[in-house]
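2 protein chains.
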Amino acid sequence: MASPAYIAVDWGTSSFRLWLIGEDDSILGERRSGEGMTSAAQTGFAQVLQSHLDALAAPENLPVIVCGMAGARQGWVEAGYIDTPTSLSAILTGAVSVPGQSRDVRILPGLAQRDRQAPDVMRGEETQLLGAIAADAKGEQVVCMPGTHSKWVRVVNGQVTGFSTFMTGELFDVITKHSILSHAVAGAADVPADSTAFESAIKAAFNKPALATNLLFTARAGQLLHGLTAAGARALISGTLIGAEIAGALSSAGQGAAITLVASGRLQTLYEDAFRTLGLTYTTVDADAAVRRGLSAAAKAIWPNNERKS
Amino acid sequence: MASPAYIAVDWGTSSFRLWLIGEDDSILGERRSGEGMTSAAQTGFAQVLQSHLDALAAPENLPVIVCGMAGARQGWVEAGYIDTPTSLSAILTGAVSVPGQSRDVRILPGLAQRDRQAPDVMRGEETQLLGAIAADAKGEQVVCMPGTHSKWVRVVNGQVTGFSTFMTGELFDVITKHSILSHAVAGAADVPADSTAFESAIKAAFNKPALATNLLFTARAGQLLHGLTAAGARALISGTLIGAEIAGALSSAGQGAAITLVASGRLQTLYEDAFRTLGLTYTTVDADAAVRRGLSAAAKAIWPNNERKS
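Residue numbers (the working numbering), protein chains in the order written: chain A, 1 to 310; chain B, 1 to 310.
Note that these hints are calculated values from the structure, not bench results.
Do not take every clue at face value.
[To be verified] Derived CB-CB ranges, DEER-like:
hint : chain 1 : residue 1 : chain 2 : residue 2 : range
1    : B       : Ser264    : A       : Gln159    : 31 to 41 Å
2    : A       : Ser195    : B       : Gly279    : 39 to 49 Å
3    : B       : Gly279    : A       : Gln159    : 34 to 44 Å
4    : B       : Ser51     : A       : His178    : 29 to 39 Å
5    : A       : Gly139    : B       : Asp83     : 33 to 43 Å
6    : A       : Gly187    : B       : Ala57     : 44 to 54 Å
7    : A       : Ser195    : B       : Glu78     : 27 to 37 Å
8    : B       : His226    : A       : Gly256    : 27 to 37 Å
9    : B       : Lys203    : A       : Ala193    : 31 to 41 Å
10   : B       : Asn207    : A       : Thr283    : 39 to 49 Å
[Unchecked claim] Pairs of lysine to aspartate or glutamate, DMTMM-like flavour, derived with a Cα cap of 20 Å:
hint : chain 1 : residue 1 : chain 2 : residue 2
11   : A       : Lys203    : B       : Asp115
12   : A       : Lys208    : A       : Asp115
13   : A       : Lys300    : A       : Asp115
14   : B       : Lys203    : A       : Asp115
15   : A       : Lys208    : B       : Asp173
16   : B       : Lys300    : B       : Asp115
17   : B       : Lys208    : A       : Asp115
18   : B       : Lys177    : A       : Glu272
19   : A       : Lys177    : B       : Glu23
None of these values were measured; they are calculated from a predicted model.
The beta-carbon is built from N, C-alpha and C at its ideal position, and this holds for glycine as well.
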């Protein structure tokens, strides 16, 4: 087994993922928990990190590279933003050190688009992007990173020229939990199981995104008038939000641009289904693997001799 | 003072409004409360009605005409739906009697659009519509009734040919209360006070409705990057949702159709500002007056001799 070289952490708003990475880039250990920024801001970031390092018996001298919301203003240490347009590798140079730690802990910056008309920010996805796109990629690429706040990024010859956040995941959550549509989806499983309703909503919202908030209401009216099931309503809401997102994202990108989907699990399934339904060409990169590759690239840039250390 | 002729009630999901109407259509008394369907379903519809009748010392023989959610399945007595396309006057013939009451209490039906692709329902707005549109109106009219669930209705030569519900008001509510944007609007007053941000969002969302869920996120990014105020964020969210609604509603109506806005108070101000910003022609009908006129038309149709009674 390879010797451990560094610790990689993807620290989001509501999730914490940590990997112990070996000299040969192998995964020697892994931890996942719900101790995201929101929770860690209460209990202490250093304590949360240490508890997971202890659980893996990580060597004391091992450095830690972190991406995500731990670098937000309300996080551990603010890591700022790199402004677009930028090369992806610029984020490697913007890492900030966490002071007062026994180990070398660095947090990567986010990306900011300071455009007055379309301000936007990301934290964590820039590291996924770094791991998903080859540094020497040529031409235009459109990268879709679905989630609570889906990010669509335009990369031209390795430069991030712009990006857009769509609140798809969070809207799905608040609509199905707090709006009148919560009754329409009551009892339905988490995963939209009604692929007919999902695909029909994807097409309807993609073709007429202006009607998105009207299509959402058909989840209620369909239940009252046509006996739409809870699973059908859930699929309809999900499909409407994702279909409108894709329409919006592609309205600013070239229609013929190659789409790279960075996702895993349930979101991968949903977005692949959506792209197929719309006849869009895409390639999928596993989101977990992408963020690890991005963290690894950062670790190697920051500690170039680490692979020969320990 | 005129003798009382009947009681008119607009019984919504979360609001209750009652008027004591005289033989000459004058308002002899008025009651407003938050005892909408949700609350009355717990405490009892008959009790809620009686308490307000007692407060006005309404004569015992006076009949009561009701519109709104009191006629829903989960309401007092289900009043069903009149299907589109339909003449507006058809709702007058669909009123159901509430059994077991000492007075004659009738609840008006709603409207249903049973289209498989675009199912939709309304309850209460059909009565507003009846009061807002002249029965002998010629040509095409587009009627906008903003609210928790905004209704846009197409009326051609007095026939309701179709309608669409947009979840604008409710989305504004759940987004500003339950999403990450709740932080961006924290402390802002109820009324969007930043008209520049509102009008700019109206235009942006109307021109690119596909980007609505992206524009929403600029409320957060604008705060992080450009110091957008809470009032500005609130106005931006409101303008985005209303701008997208108008774009969607007009995408299915003729662009040149005359818009009748049925609204009062804060919503009237917001939608008039939106229409002016977009250069759209409209006329406004007061929402309260419209529902009273609709209830009055129903009362006169159901109890034709009532004006000479008492």
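Structure-based check of all given hints:
Under the hint 31 to 41 Å, the C-beta atoms of serine 264 of chain B and glutamine 159 of chain A, about 52 Å apart, miss the expected range. For the hinted restraint 39 to 49 Å between serine 195 of chain A and glycine 279 of chain B, the CB-CB distance of approximately 43 Å keeps it satisfied. For the pair glycine 279 of chain B and glutamine 159 of chain A, the beta carbons lie near 39 Å from each other, so the given range of 34 to 44 Å is met. About 30 Å separates the C-beta atoms of serine 51 of chain B and histidine 178 of chain A, a value consistent with the hinted range of 29 to 39 Å.
The hinted window of 33 to 43 Å between glycine 139 of chain A and aspartate 83 of chain B is violated, with their beta carbons roughly 54 Å apart. In this structure the hint that glycine 187 of chain A and alanine 57 of chain B lie 44 to 54 Å apart at CB holds, the actual value being about 47 Å. Checked against the given bound of 27 to 37 Å, the beta carbons of serine 195 of chain A and glutamate 78 of chain B, roughly 33 Å apart, stay inside it. Between histidine 226 of chain B and glycine 256 of chain A the C-beta distance comes to about 33 Å, which sits within the given range of 27 to 37 Å.
About 40 Å separates the C-beta atoms of lysine 203 of chain B and alanine 193 of chain A, a value consistent with the hinted range of 31 to 41 Å. Hint check: asparagine 207 of chain B to threonine 283 of chain A, Cβ distance near 32 Å, so the stated range 39 to 49 Å is violated. For the hint pairing lysine 203 of chain A with aspartate 115 of chain B, the CA-to-CA distance comes to about 17 Å; that is within 20 Å, so the pair holds. A hinted pair counts as satisfied when its Cα atoms are at most 20 Å apart, and lysine 208 of chain A with aspartate 115 of chain A does not qualify at roughly 27 Å.
Annotation: proposed proximity of lysine 300 of chain A to aspartate 115 of chain A is violated, straight-line Cα distance about 32 Å (limit 20 Å). Straight-line distance between C-alpha atoms of lysine 203 of chain B and aspartate 115 of chain A comes to about 17 Å, which keeps the hinted pair within the 20 Å bound. Taking the CA atoms of lysine 208 of chain A and aspartate 173 of chain B, the gap is about 24 Å. The hint is violated against a cut of 20 Å. With a C-alpha separation of about 32 Å, the suggested pairing of lysine 300 of chain B with aspartate 115 of chain B is violated against the 20 Å cut-off.
For the hint linking lysine 208 of chain B to aspartate 115 of chain A, the alpha-carbon distance of about 17 Å falls within 20 Å, and the restraint holds. For a cut-off of 20 Å, the pair hint linking lysine 177 of chain B to glutamate 272 of chain A is broken: about 32 Å separates their Cα positions. With a C-alpha separation of about 47 Å, the suggested pair lysine 177 of chain A and glutamate 23 of chain B falls outside the 20 Å cut-off, and the hint is violated.
Against the hints set out earlier in the document, violations occur for numbers 1, 5, 10, 12, 13, 15, 16, 18 and 19.
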